[in-house]
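Trainee: Letter by letter, the chains look like this.
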Amino acid sequence: MILNALQTVFRKSVYGILALFVSASAFVLAVWLPNIRLVAGVVISPDVPLLSKIELPLSLLGSIGTNFTLLSASYTVLISILFGIYIAMMTYFLRRRIKDVTQGGIATGFLGVASGVLGVGCAACGSFLLTSLTLFGVGGVLTFLPLGGSEFGIIGVILLGLAVYMTAKKIQDPQVCNIQN
Amino acid sequence: MVRKINIMEEKTQTTQKNNLAMPIAVVIAGALIAGAVLYSGGKTPTAGQPQQQVAQKQTGDLEKMTPVSSKDHIRGDINAPVKVVEYSDTECPFCKRFQTTMNEVMDTYGKEGKVAWVYRHFPIDQLHSKARKEAVAMECANELGGNDKFWEYADRLYEVTPANNGLDLAELPKIAEYVGLDKSKFSTCLASTRYDKHIQDEVENAQATGGNGTPWSIVVGKDGKKYPLSGAQPISAIKQLIDLASK
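Heads up: the protein sequence lines correspond to chains L and F, in order. According to numbering that gives the first Met the number 0, the first sequence is numbered sequentially starting from 0. According to numbering that gives the first Met the number 0, the second sequence is numbered sequentially starting from 0.
Excised from the complex, chain L in its bound form (with noise of 0.2 Å):
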């Protein structure tokens, strides 16, 4: 049923462009979440070479085998594509059938990216997790995470890829008249 969804969703090559810019950008934001300061810094400065503009964000992306673990390599990674993927599919839901949008999926996707990105924060020892979670008062709560705080890019990979199966779901389920009588 998945498999039907996608097809009907990237029969079109619009919502593949779509997917992998998503993707694209929610990855590299994702690597550059711990050096978002520097990144930006760089970006905006006058007295930074145009060069230097360029090279050194790109060679920040490198950081996805130093910074980070196989682990949560990989779940950003798969947060990434599914990200991607889930907002290509709502589009096109939703440019069918504006007032039939599930709010299951819509809460469930949302959840699975608020999830993932504190999994991914947490790439490096302590970062935004660990930072978050004091905010709140409760960072002794990571002594109780066996995987540190990756536990959230687990989710983040689980509730997303819900939430493509629920909007595939939704994809393949046509609308018709139902008989009355």
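Treat the hints as calculated values from the structure; they're not laboratory data. All residues carry an ideal CB built from backbone N, CA and C; glycine is no exception. Incorrect hints may appear among the rest.
[As the list claims (entries may be wrong)] Using 25 Å as the maximum straight-line C-alpha spacing, the simulated BS3-like pairs for lysine-lysine come out as follows:
#1 F:Lys182 / F:Lys129
#2 L:Lys52 / F:Lys113
#3 F:Lys110 / F:Lys246
#4 F:Lys132 / L:Lys52
#5 F:Lys129 / F:Lys225
#6 F:Lys132 / F:Lys238
#7 F:Lys70 / L:Lys52
#8 F:Lys148 / F:Lys246
#9 F:Lys221 / F:Lys63
#10 F:Lys196 / L:Lys52
#11 F:Lys196 / F:Lys221
#12 F:Lys129 / F:Lys184
#13 F:Lys148 / L:Lys52
#14 F:Lys132 / F:Lys70
#15 F:Lys246 / L:Lys52
#16 F:Lys63 / F:Lys196
#17 F:Lys221 / F:Lys238
#18 F:Lys182 / F:Lys63
[What the hints assert, rightly or not] Where chain L lies over chain F, by a calculated footprint (3+ residues, C-beta under 8 Å):
#19 104–114
#20 222–228
Chain L is fixed; fit chain F onto it per the hints.
Mentor: For chain F alone, kept in the frame of chain L given last:
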């Protein structure tokens, strides 16, 4: 009529299924977290363990960085135009990786006198309860053997630790002996509390500058401009940043 009722029942079931999707997703998420807690054996933080060393806010002020001085642990020339000030946690696997990267950076830029590497402590107790003791061990190495022994000890410590709290603390005096320090004096120093404040000051300084994870580095340029660098970045990125800071 019967057919109409059946259709209505089917529609109700479908709606119920859709309504159930959200709670099911939340239950799965909750179950995973609960599973993680159970898997960890319900560990609780040790009494008295410092819990406040984590960043108070996400964005700090780089200008709050304690200026580099001769009191710091410096590899390379203190007067080098570019300084990489690293706040590190010895049990963080990314700091272990970054130690190797920075040694490679220093092999070229350090020997040319272009870069000085400054090491400061940033143990994250929530993740690595042993890191603070290891920071004390490094300070003891410095006390007994000076700056060179500090770095020798640091290199060896990062080499032998499997990271993620994997080092047996009984190894600390053995590492001291390995780098040529008096094991007995080292153990006495290690048992003392004289470096606790110094380490805590560096942790707080890391937080004040915006450090919310390790390794957290601040690259100080020739003109004094500061660039934040979070995580174990590839050597190409570090070299790019050093080149930029040296202009």
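Trainee: Now look at each hint and say whether the structure bears it out.
Mentor: Each hint, compared with the structure:
| no. | hint | in the structure |
| --- | --- | --- |
| 1 | F:Lys182 / F:Lys129 | 20 Å, holds |
| 2 | L:Lys52 / F:Lys113 | 22 Å, holds |
| 3 | F:Lys110 / F:Lys246 | 19 Å, holds |
| 4 | F:Lys132 / L:Lys52 | 41 Å, violated |
| 5 | F:Lys129 / F:Lys225 | 31 Å, violated |
| 6 | F:Lys132 / F:Lys238 | 32 Å, violated |
| 7 | F:Lys70 / L:Lys52 | 35 Å, violated |
| 8 | F:Lys148 / F:Lys246 | 33 Å, violated |
| 9 | F:Lys221 / F:Lys63 | 18 Å, holds |
| 10 | F:Lys196 / L:Lys52 | 40 Å, violated |
| 11 | F:Lys196 / F:Lys221 | 31 Å, violated |
| 12 | F:Lys129 / F:Lys184 | 21 Å, holds |
| 13 | F:Lys148 / L:Lys52 | 39 Å, violated |
| 14 | F:Lys132 / F:Lys70 | 20 Å, holds |
| 15 | F:Lys246 / L:Lys52 | 14 Å, holds |
| 16 | F:Lys63 / F:Lys196 | 18 Å, holds |
| 17 | F:Lys221 / F:Lys238 | 15 Å, holds |
| 18 | F:Lys182 / F:Lys63 | 37 Å, violated |
| 19 | 104–114 | violated (count 0) |
| 20 | 222–228 | holds (count 3) |
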